[in-house]
Amino acid sequence: MAEIQDTILVTIVTPAGTRDEYNVKHIRAPGSEGDFGVLPGHLPLMTSLRIGAIYLDTVQGQQVWSTSGGYVEVLGNRVTILAETAEKADKIELERAEAARDRALGRISKKATDLDIARARLALNRAINRIKTVKESRKD
Amino acid sequence: MPSLKQISRRIVGVKNTAQITRAMKMVAAARLRRAQENMENARPYAWKLRDVIASLAARTSAEKYPLLEVRDPQRIGIVTVTSDRGLCGSFNLNICRKTQQVLSEFPESDVQLFTLGKKGYDFLRKREVKIYHNYPGVFQELEFSQAAAIGGEIVSHYHFGDFDRIYLVYNEFKNVAQQNIISEQLLPIIPHSEMTASLQNVDYIYEPDEKGVLDKMLPMHINIQIWRVMLESYAAEQAARMTAMENATNNAKEMVDDLTLLFNKARQSAITKELLEIVSGAECLK
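As given, the protein sequences belong to chains A and B, one line each in that order.
Just so you know, the numbering used here puts 57 at position 57 of the first sequence, and the rest follows in order with no gaps.
Just so you know, the numbering used here puts 193 at position 193 of the second sequence, and the rest follows in order with no gaps.
A couple of the hints might just be wrong.
As the list claims (entries may be wrong) - Only pairs whose alpha carbons sit at most 25 Å apart, straight line, appear in this in silico PhoX-like list of lysine-lysine:
#1 K174(B) - K118(B)
#2 K265(B) - K5(B)
#3 K25(B) - K253(B)
#4 K64(B) - K48(B)
#5 K48(B) - K91(A)
#6 K25(A) - K265(B)
#7 K110(A) - K25(A)
#8 K48(B) - K88(A)
#9 K174(B) - K25(B)
Derived by calculation from the structure, the hints in this document are not laboratory data.
With the rest of the complex left out, here is chain A (with noise of 0.2 Å):
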């Protein structure tokens, strides 16, 4: 058996771009069947996301990101995260957000059709989401 570790290290990759790279005590994570957490040492782990914030415990501090779904695998001290998307707390833009709210509500609102009706959901679900994990990063 291995020797466990006292930090896993986190990678975090999108089709966007993202790529990073953190040294991590703890992480929590939206799976699609509820949150979870991983500290060093975890079973090795392959699950789905889904719309939520992921927090790092970082050894600089605590980190927050926001995604919109993806996948993670944990296996030995190596934590992989395929998002869909994600991004950092403080890099998202709180009015942008607000107005992705807004505009999704709006559609819903009009009574589109049955996809569009889906779509104007999902869209409304990530922006209350973005919202929601800038306000709490703000709050620590």
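Fit chain B to the supplied structure of chain A, relying on the hints for placement.
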């Protein structure tokens, strides 16, 4: 020796050509910058995903997932990625040659092609190969939805047993001056070969469950790989065109220099001839 007028007309012609090739080089350079950025954005995600999939594939039993199942290669599909436009050196020819080489490796099998890009289609349809499907004009507007559509079709063909193995042949962008010609197996997905026995016995925890995760991830992986290859090939095409047009411009410049020399020589000999005539004429009158 051609007349002065003929030479000067040629100089003008070559200069015009040089102007066009220079302009094309500029256009290619501008497009290359954008294409390269897109490609570099897509690469880390695609590579990481490929790693994860390869390690997942090594741990699960292939019978449960058609995309992992290795079958006897009776029917083979080759996805060849070329460009829609020419004037980019040996970019397309290299791919067509490589495709033919892959073809010749399977004399016993029924090989059919999927062609992306007009140039490859035009070249290969005149040869003795079967083209299963052509996707024209995918490079006019590069969008992920196109890659997803192509990926979806290929996956379903593989799923229903229309093909037993699928290869990708494309130009990989190495740097502005170089393209690598790559042929790799797309389906079935190749599991990690360097998996040690101890790691292989590790049981993953899957959420929601193994089938739920893999059934979604495997087709997504194919779409992402095709998307990456399209971006890769487009960037490589622009780079190849830039180099080709740069060479053409230089060759034209050299030609103008040679022709100017010829022009000057011809003019000088005409002057000498005239002078001789005048002098000898004056000599006669004495």
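Now the hints, each set against the structure:
Under the criterion of a C-alpha separation no larger than 25 Å, the hint pairing K174(B) with K118(B) is consistent with the structure, at around 23 Å. Distance restraint check for K265(B) and K5(B): the Cα-Cα separation of roughly 13 Å lies within the 25 Å cut-off, and the hinted pair is therefore satisfied. Pair hint K25(B) plus K253(B) holds up; C-alpha atoms about 15 Å apart against a cutoff of 25 Å. Among the hinted pairs, K64(B) with K48(B) is consistent with the structure: their alpha-carbon atoms are about 23 Å apart, no more than 25 Å.
Taking the CA atoms of K48(B) and K91(A), the gap is about 24 Å. The hint holds against a cut of 25 Å. A threshold of 25 Å between alpha carbons decides the hint, and for K25(A) with K265(B) the separation of about 81 Å lies outside it, so the pair is violated. Proposed proximity of K110(A) and K25(A) is contradicted: the alpha carbons are some 46 Å apart, above 25 Å. The suggested pairing of K48(B) with K88(A) holds, with an alpha-carbon distance near 20 Å, which does not exceed 25 Å.
Distance restraint check for K174(B) and K25(B): the Cα-Cα separation of roughly 19 Å lies within the 25 Å cut-off, and the hinted pair is therefore satisfied.
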